[in-house]
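As you go down the protein sequences, you meet chains A and B in turn.
In terms of full-length UniProt numbering, the first sequence opens at residue 1 and continues consecutively.
In terms of full-length UniProt numbering, the second sequence opens at residue 1 and continues consecutively.
Careful: at least some of the hints might be erroneous.
What the hints assert, rightly or not - Heads up, incomplete: computed chain B residues facing chain A, CB under 7 Å, no partners named: (1) Phe66; (2) Ser78; (3) Cys80.
In short, the hints are calculated from the structure, not lab data.
Glycine included, every Cβ here is placed at the ideal spot set by N, Cα and C.
2 protein chains.
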Amino acid sequence: MSELESSIIAIIHVFHKYSGHKCKLKKAELKDLINNEMSHFIIVKNQTLNEMFADLDQNRDLEIDFQEFIVLIAMVTSACHDLFSPDHNH
Amino acid sequence: MSELESSIIAIIHVFHKYSGHKCKLKKAELKDLINNEMSHFIIVKNQTLNEMFADLDQNRDLEIDFQEFIVLIAMVTSACHDLFSPDHNH
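Isolated chain A (complex conformation) (with noise of 0.2 Å):
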């Protein structure tokens, strides 16, 4: 397997990691992911978590799946492009 391959399998195993069986983030899950999975991207603030969290529950079932998951995933991986190749903004 590729190193992209193995990539984007860490990433669903992070998700299940936290979602458990239920196969969705609760709030305190989703937190609990951040802080200990992406703590060098992200410092989340209760009142941050709280308009992110809002954002990603596009169905408003006040869970995220992995649909709503793999947005943030995209947002920060875009992020951290942008921050490593500075002068490639466009």
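Using the hints provided, position chain B relative to the given structure of chain A.
Chain B in isolation, oriented as in the chain A frame:
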């Protein structure tokens, strides 16, 4: 760095491995990336590549920038997630 953070960095690196300094992928470069780095997840025939490329190329500049590339990664990751956890389809 966590496994998730390393995965995010790996996604950025693989994009630049194929886009080079221009930070955009031409169709041939996208095809090479998919065939070399995602062959376990996607098999690309020319017609599918043309359709995929047109869908991803939101700004119609005939190249795929990082914002457009991350949409492909999100789609493939979601498809893999549904594949690996079919009972969680919702």
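Hints, one by one, checked against the model:
Annotation: Phe66 of chain B was flagged as interfacial toward chain A, and the flag holds, the nearest CB pair being 5 Å apart, inside 7 Å. The beta carbon of Ser78 of chain B comes within 6 Å of a beta carbon in chain A, closer than 7 Å, and the hint placing it at the interface holds. With a least beta-carbon distance of about 6 Å to chain A, the hint placing Cys80 of chain B at the interface is held under the 7 Å criterion.
In terms of the numbered hints stated before, the structure departs from none.
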